[in-house]
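**Q** Taking the hints into account, I'd like the entire structure generated from these sequences.
Protein chains: 2
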Amino acid sequence: MTSGSSFLLAARQCEIAELEELAGTAELVGVIGRFIHALQRERGMSNVFLGSGGTRFGPQRLQQVAECRSCEQEVRAQFGRLDTGSSQARNGARLFSRIAVVLHGLDALPALRQRIEGRAIEAREATAAYVKLVAGLLAVVFEAADSATDPEVSRALVAMFNFMQGKEFTGQERAFGAGAFAAGSIDAAGQQQWRHLVESQQGCFQVFGDFADADVLRVDQASRDAQVFAEIERLRRLGCGGHPGPLDRNLSLPWYDGCTRRLDAMRTVEDMLALHLRHLCEARIARARAELRDQRALLEALAAGESRTALDAAPAYGPHLERTLPAMLQEQARRLQAMSDELETVRSSLNERKAVERAKGLLMAHRQMSEDEAYKALRQMAMNQNRRLVDVAEAVLALADVLPGAEKDMSSRA
Amino acid sequence: MTSGSSFLLAARQCEIAELEELAGTAELVGVIGRFIHALQRERGMSNVFLGSGGTRFGPQRLQQVAECRSCEQEVRAQFGRLDTGSSQARNGARLFSRIAVVLHGLDALPALRQRIEGRAIEAREATAAYVKLVAGLLAVVFEAADSATDPEVSRALVAMFNFMQGKEFTGQERAFGAGAFAAGSIDAAGQQQWRHLVESQQGCFQVFGDFADADVLRVDQASRDAQVFAEIERLRRLGCGGHPGPLDRNLSLPWYDGCTRRLDAMRTVEDMLALHLRHLCEARIARARAELRDQRALLEALAAGESRTALDAAPAYGPHLERTLPAMLQEQARRLQAMSDELETVRSSLNERKAVERAKGLLMAHRQMSEDEAYKALRQMAMNQNRRLVDVAEAVLALADVLPGAEKDMSSRA
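In order, the protein sequences belong to chains Y and D. By our numbering, the letter at position 374 of the first sequence is numbered 374, and the numbering carries on one by one without gaps. By our numbering, the letter at position 34 of the second sequence is numbered 34, and the numbering carries on one by one without gaps.
Derived from the structure by calculation, the hints contain no laboratory data. Errors might be hidden in some of the hints.
Claimed, not checked - Below, simulated DMTMM-like cross-link-like pairs (lysine to aspartate or glutamate); rule was C-alpha separation at most 25 Å, straight line:
#1 D:K132 <-> Y:E331
#2 Y:K354 <-> Y:D146
#3 D:K376 <-> Y:D341
#4 Y:K132 <-> Y:D271
Said to hold, decoys possible - Derived Cβ-Cβ restraints for the label pairs, each shown as a range:
#5 D:Q368 <-> Y:L275: 34 to 44 Å
#6 Y:A283 <-> D:G58: 57 to 67 Å
#7 D:E331 <-> Y:G245: 44 to 54 Å
#8 D:A400 <-> Y:D391: 21 to 31 Å
Quick caveat: nothing in here was measured; it's all calculated off a predicted structure. By construction, the Cβ of each residue, glycine as well, lies at the ideal position given by its N, Cα and C atoms.
**A** Here it is in structure tokens:
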């Protein structure tokens with residue numbers, strides 16, 4: 001075979017290696033989904049446990065902690081399986097940094113649980129700690145989606161990330177609503193924040209709908225219990241749809257239960273997403289291997305035919321190979337171009353989150369804010385101006401050049 | 001050390017591995033620059049050789065062929081050094097595909113030279129074959145620039161790619177102008193094409209100016225011989241600045257010589273670009289290694305202090321590490337975010353070429369055009385409408401949805 005042919009085959013092998021790495025990432029994402037669900041349940045129970053002065057969900061909470069520990073072991077095992085030693089992981093720097101943040105959060109989890117058990121922490125603070133940990137886990141999923149090089153797999157990962165993020169907003173809404181009902185009243189700011197959580201969910205499920213596979217969408221449809229939906233909608237209207245004022249404390253429990261049923265139903269969709277992702281990776285790897293095999297066989301046959309008929313050294317190719325290799329090269333170029341175009345389309349759906357992250361970073365740098373403060377500031381602007389979070393983020397980024405210190409910050413990096 | 005710390009260190013090691021891979025790519029790009037220059041000289045001499053009925057540049061051409069062969073060996077050796085077996089190269093699929101195209105072109109080079117030697121080929125056809133080979137080599141450089149993950153290195157590679165591409169347009173202008181003067185006349189279409197070559201150069205050198213390092217820009221300034229520039233401008237005005245009509249055949253030689261002097265001077269800038277790129281990679285690797293060393297030492301010291309003072313198992317961290325690890329994690333997140341923002345800015349300068357590539361692909365698919373025809377069609381539209389190539393390309397892409405067959409093509413890929 002010619003050296004041109006062997007590079008053509010090497011290019012294919014790289015694609016296969018990338019797909020295999022993606023398959024490993026997909027596995028990790030599936031395990032993270034299960035862990036997040038367990039953490040969401042633990043968070044919800046801890047919230048009620050603390051809010052009820054330790055009278056409710058005591059034993060269930062401990063059972064859920066055990067469930068969480070087992071999921072955590074799975075996640076840690078998956079992290080351990082990542083080959084951190086080889087330094088060859090694609091997007092390794094970002095992925096490993098996100099994982100470092102998660103591991104740091106996990107190490108702090110036993111102490112958090114002790115404080116919850118001893119009721120030495122406010123419900124709000126405990127919830128915030130879980131929210132942060134879940135956000136760290138979702139950031140790992142986001143990096144996985146952002147680094148995928150295969151458009152089909154990337155599409156599935158984007159659907160999965162958005163579903164998981166939307167589900168997390170549902171979990172946050174459950175906690176927020178349960179707290180508001182339990183407090184017996186809500187003010188205008190609280191209602192605004194509640195509505196923001198609803199809109200955030202809708203945004204995520206919209207993207208999920210755009211990118212998810214038809215089978216997954218059918219499972220999603222089937223998971224939607226009309227009665228649960230109606231009940232959640234009714235309670236939402238009472239909580240954040242009318243005028244600020246008193247709320248019926250007795251609604252805290254039905255609200256919590258309704259949301260919990262919805263969250264558990266979503267878990268089946270997540271399982272389906274993980275399954276679809278795994279099958280997709282397997283199918284893509286099998287297809288790429290078959291194509292590699294065909295290509296190699298074709299090139300070897302042509303080379304063999306060539307060496308039999310080649311009586312002089314030049315030209316280097318027989319008539320067959322002369323016709324076939326350029327065609328194969330052109331086909332490969334077209335295929336990679338099409339993949340890259342499609343990948344760009346899929347990835348642009350992730351730019352919304354990136355803009356928010358960048359705007360947060362900007363506020364942190366120039367206004368000496370913590371990450372939390374920066375996010376809250378953006379959210380407040382979005383709510384006050386009745387705009388989407390991403391639009392506010394982009395407005396902040398557009399102002400970057402005129403913010404004081406922006407230039408200094410740039411040059412200090414150079 | 002905690003597992004969080006070890007992932008933090010692993011993230012750093014990934015960055016170093018990426019930089020080392022980039023250093024190898026930078027080496028390859030430097031060698032390709034030398035080879036392209038040799039090919040441009042061979043192309044120019046072959047052009048004159050064929051145009052003069054074999055009376056001019058005969059011996060010089062053979063000497064240049066020998067020089068080219070030596071550069072080709074270097075390039076092949078660099079290709080061979082790429083680890084195609086490990087399938088771990090970042091962006092390997094695209095890079096290796098581009099290399100396969102180049103190797104195929106190189107294998108056809110001896111036959112091309114034989115035809116030139118025997119004057120069994122038209123000057124125009126010979127030039128087109130060299131142009132195609134150089135385009136393939138530039139595509140390798142483009143992939144290298146597009147896959148760089150370090151913004152500083154990416155910036156240097158973007159400057160280098162644009163300079164090399166601009167220089168290639170200069171080489172094409174030399175051939176085009178020499179042919180036009182030798183023919184003794186030029187029509188309106190020819191003038192338009194000539195002006196297009198001038199504008200293409202300006203676009204490339206503009207981007208080069210935006211991204212090149214100050215030292216490189218100084219060398220570029222120093223390389224500009226005012227007399228040569230004035231002569232080229234004068235001859236350009238005669239060739240494509242006035243009305244179509246007769247040209248002085250005697251100007252072919254001074255035109256060719258002026259352009260050749262300019263091209264040879266550009267070669268010194270390319271050398272400086274390659275040198276700067278190599279130094280930059282070395283400096284970045286050294287800096288990243290030093291940072292990794294510091295970080296590891298800090299984490300080990302903290303872990304050692306922790307294990308001496310830790311009398312019970314929880315909490316997992318001593319007060320030092322509690323303060324330091326989160327700070328390190330946040331600093332790392334901020335740094336990666338800043339790098340990714342900067343990288344995005346640098347890369348967006350490459351989108352122009354990508355749009356043209358995509359538009360070409362679209363025309364090839366929907367109008368059954370060859371790559372050459374598609375490029376010529378885009379160029380013709382740009383010239384007729386007096387718009388930039390990228391604007392026409394984007395207009396074509398915007399029409400993609402309504403082009404017949406677009407949908408069919410999408411579904412056949414799914």
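**Q** Evaluate each hint against the coordinates.
**A** Okay, the hints, checked on the actual structure:
1. A threshold of 25 Å between alpha carbons decides the hint, and for K132 (chain D) with E331 (chain Y) the separation of about 17 Å falls inside it, so the pair holds.
2. Only pairs whose Cα atoms come within 25 Å are accepted, and K354 (chain Y) paired with D146 (chain Y) is accepted, the gap being roughly 10 Å.
3. A threshold of 25 Å between alpha carbons decides the hint, and for K376 (chain D) with D341 (chain Y) the separation of about 22 Å falls inside it, so the pair holds.
4. Between K132 (chain Y) and D271 (chain Y) the CA atoms are separated by roughly 23 Å; this keeps the pair inside 25 Å, and the hint holds.
5. Range check, Q368 (chain D) to L275 (chain Y): about 41 Å between beta-carbon atoms, so the 34 to 44 Å window is met.
6. Between A283 (chain Y) and G58 (chain D), the C-beta spacing of about 59 Å keeps the proposed range 57 to 67 Å intact.
7. Hint check: E331 (chain D) to G245 (chain Y), Cβ distance near 46 Å, so the stated range 44 to 54 Å holds.
8. Range check, A400 (chain D) to D391 (chain Y): Cβ separation about 27 Å, and the 21 to 31 Å hint holds.
Hint compliance for this structure: no hint is broken.
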